[in-house]
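Please model the entire structure based on the sequences and the hints provided.
Which chain is which? The protein sequence lines are A and B, in order. Each residue of the first sequence is one higher than the one before, starting from 1 at the first, in the UniProt record's numbering. Each residue of the second sequence is one higher than the one before, starting from 1 at the first, in the UniProt record's numbering.
Hints in this document: simulated from the structure, not taken from any laboratory. Remember, predicted model here, so these are calculated numbers, not experimental data. Warning: the hint list may mix true and false statements.
Stated by the list, open to error - For lysine-lysine, the following DSS-like pairs were computed, each having C-alpha atoms within a straight-line distance of at most 27 Å:
id : chain 1 : residue 1 : chain 2 : residue 2
1  : A       : K234      : A       : K170
2  : B       : K81       : A       : K168
3  : B       : K155      : A       : K182
4  : A       : K136      : A       : K52
5  : A       : K188      : B       : K81
6  : B       : K81       : A       : K156
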Amino acid sequence: MRVRALTAVLLAGGLALTACGKEGTGTETGAPAGVFEVAKDVKVDGSPTFEKIKSRGSLVVGVKEDQPGLGFKDPTTNKYTGFDIDMAKLIAAQLGFDPETKIQFKTIQSAAREQAIINGDIDYYVGTYSITAARKEKVSFAGPYYVAGQDLLVKKDNTAITGPDTIKDKKVCSVTGATPAKKLRDDKLVQPDSNVVELQSYSLCVTKLHDGEVDAVSTDDAILKGYAAAEPDKLKVVGKTFSTEKYGIGLAKDDKALRDKINEVLEKSLTDGKWDDIYKNTLGKSGAEGKHPTLEKY
Amino acid sequence: MGVLTRNLDLFVAHFGETLRLFAFSAVISLLAGVFLAMLRVSPVPVFRGVGTLYVTVVRNTPLTLVFVFFVFAYPYLEIIKFEFFTAAVVALSIYTSAFVCEVVRSGINTVPVGQAEASRALGLTFTQMLGSIVLPQAMRSVVPPMVSTFIALLKNTTVAAGFSVREAGAIRDALSEAGESTLVGMLWVAGIFVLLVMPLTFLQRVLEKRWSVAR
Numbered sequence: 001m002r003v004r005a006l007t008a009v010l011l012a013g014g015l016a017l018t019a020c021g022k023e024g025t026g027t028e029t030g031a032p033a034g035v036f037e038v039a040k041d042v043k044v045d046g047s048p049t050f051e052k053i054k055s056r057g058s059l060v061v062g063v064k065e066d067q068p069g070l071g072f073k074d075p076t077t078n079k080y081t082g083f084d085i086d087m088a089k090l091i092a093a094q095l096g097f098d099p100e101t102k103i104q105f106k107t108i109q110s111a112a113r114e115q116a117i118i119n120g121d122i123d124y125y126v127g128t129y130s131i132t133a134a135r136k137e138k139v140s141f142a143g144p145y146y147v148a149g150q151d152l153l154v155k156k157d158n159t160a161i162t163g164p165d166t167i168k169d170k171k172v173c174s175v176t177g178a179t180p181a182k183k184l185r186d187d188k189l190v191q192p193d194s195n196v197v198e199l200q201s202y203s204l205c206v207t208k209l210h211d212g213e214v215d216a217v218s219t220d221d222a223i224l225k226g227y228a229a230a231e232p233d234k235l236k237v238v239g240k241t242f243s244t245e246k247y248g249i250g251l252a253k254d255d256k257a258l259r260d261k262i263n264e265v266l267e268k269s270l271t272d273g274k275w276d277d278i279y280k281n282t283l284g285k286s287g288a289e290g291k292h293p294t295l296e297k298y
Numbered sequence: 001m002g003v004l005t006r007n008l009d010l011f012v013a014h015f016g017e018t019l020r021l022f023a024f025s026a027v028i029s030l031l032a033g034v035f036l037a038m039l040r041v042s043p044v045p046v047f048r049g050v051g052t053l054y055v056t057v058v059r060n061t062p063l064t065l066v067f068v069f070f071v072f073a074y075p076y077l078e079i080i081k082f083e084f085f086t087a088a089v090v091a092l093s094i095y096t097s098a099f100v101c102e103v104v105r106s107g108i109n110t111v112p113v114g115q116a117e118a119s120r121a122l123g124l125t126f127t128q129m130l131g132s133i134v135l136p137q138a139m140r141s142v143v144p145p146m147v148s149t150f151i152a153l154l155k156n157t158t159v160a161a162g163f164s165v166r167e168a169g170a171i172r173d174a175l176s177e178a179g180e181s182t183l184v185g186m187l188w189v190a191g192i193f194v195l196l197v198m199p200l201t202f203l204q205r206v207l208e209k210r211w212s213v214a215r
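Next up, the structure:
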């Protein structure tokens with residue numbers, strides 16, 4: 001039995017590392033008909049990115065592929081699903097491009113986001129991308145389109161962990177070098193230092209959580225909700241956020257015209273109910289209410 | 001320069017961890033590698049078989065997989081609990097010792113058979129022959145490839161970044177989250193690695209000079 005579990009884990013671990021397969025289920029998502037109506041004759045004057053998109057005839061959008069419910073790529077169908085993906089599609093439709101045929105999704109790791117935008121590898125990035133002052137110096141952000149907060153994911157039957165003040169001597173997992181891990185250390189929420197476990201992806205953290213090798217996984221509630229929604233009978237989100245992360249659409253720094261255009265799209269989606277439609281069909285499946293963000297038009 | 005000075009404590013802490021990983025793994029893999037080489041040239045067929053099997057398997061396994069085993073699969077065996085740092089040292093040592101073994105063995109092959117035959121004629125046991133006649137000469141002739149193996153080990157430590165060991169390989173992720181330029185950061189990491197390798201190359205030159213008269 002042990003050997004079989006071992007083999008399974010070896011395979012899963014190896015696959016996860018090479019990103020050939022992922023644990024966690026990609027829940028069937030997709031906004032209802034009518035959300036992605038393709039706008040006609042869209043003009044974004046003075047936007048170099050939009051000029052590039054037009055001459056190419058399609059969009060290249062940077063996303064994540066390992067976050068169920070947010071940005072997830074089904075390894076069998078190669079289809080991307082989730083809240084961020086639908087947001088990217090909504091924007092594409094409003095820019096006049098059919099989201100089903102004219103978007104090429106490109107998986108970009110967190111650490112490579114700024115560089116991908118600066119290099120022009122992608123037209124815009126939608127993937128739990130927090131708006132921070134330091135990042136604003138290199139790229140610019142439309143949005144926020146979602147406001148998240150750092151939270152904890154634990155096993156369903158865990159009653160000991162009820163919030164950030166109950167994890168002092170627990171093992172808490174997050175992603176290598178990421179802000180949540182830094183916050184756990186800097187605020188001394190977890191002691192000693194080595195109890196903060198840093199792995200390459202949240203999927204690996206969730207695997208370790210299932211194995212009981214870590215007591216909690218910590219990052220933005222949006223990401224955690226995605227995992228909880230995939231296995232609601234095994235995992236739960238504690239629900240006490242202890243930070244505020246505003247997710248924005250990352251785009252080239254000098255492109256104010258496109259930023260204004262995307263802000264306009266997002267604003268409209270909040271008033272005409274498209275934002276809610278998208279939320280309901282993705283993150284909303286976790287049962288948690290979706291709160292509208294307030295746009296920042298800096 | 002800014003990226004380095006602004007994040008000096010990050011660089012110092014992470015490179016400190018790199019050096020710690022390197023020091024532990026280097027010592028263990030040197031000892032284990034020499035032991036493996038002894039197995040491989042031993043007159044006992046079983047020992048030779050074990051040594052050959054080990055080297056063949058480990059040398060053909062990607063280092064990342066060795067790490068995956070010790071970090072994700074090994075805990076299932078429920079033998080001894082490892083901290084991530086220990087797991088990294090074990091993974092690196094297991095991997096590197098296979099390479100050290102082959103370097104030492106190639107050195108042993110450079111020692112003329114007559115030496116072994118002469119020592120046996122003098123009545124030395126296999127261990128005595130290896131320990132006082134063959135290995136000292138073998139080690140002298142393999143300084144450059146041995147140093148190369150350890151330089152590779154130093155750089156291989158960066159794989160541990162994905163397995164909760166905060167060494168130099170994790171600097172990029174931390175810089176990126178802090179909004180620093182990862183490109184400049186990586187150039188600094190590369191530069192510091194060059195600096196770290198320099199003492200090793202210096203050691204190589206000294207040993208080569210000092211030992212060149214041995215034969």
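Evaluated hints:
1. With a CA separation close to 19 Å, the supplied pair A/K234 and A/K170 stays within the 27 Å bound.
2. Restraint check: the Cα-Cα separation between B/K81 and A/K168 comes to about 21 Å, which is no more than 27 Å; the hinted pair holds.
3. Proposed proximity of B/K155 and A/K182 is supported: the alpha carbons are some 25 Å apart, at most 27 Å.
4. At most 27 Å may separate the alpha-carbon atoms for a hinted pair to count; A/K136 and A/K52 meet this at roughly 22 Å.
5. Note on A/K188 and B/K81: the hinted pairing holds, with a Cα-Cα distance of about 25 Å set against a maximum of 27 Å.
6. Note on B/K81 and A/K156: the hinted pairing holds, with a Cα-Cα distance of about 25 Å set against a maximum of 27 Å.
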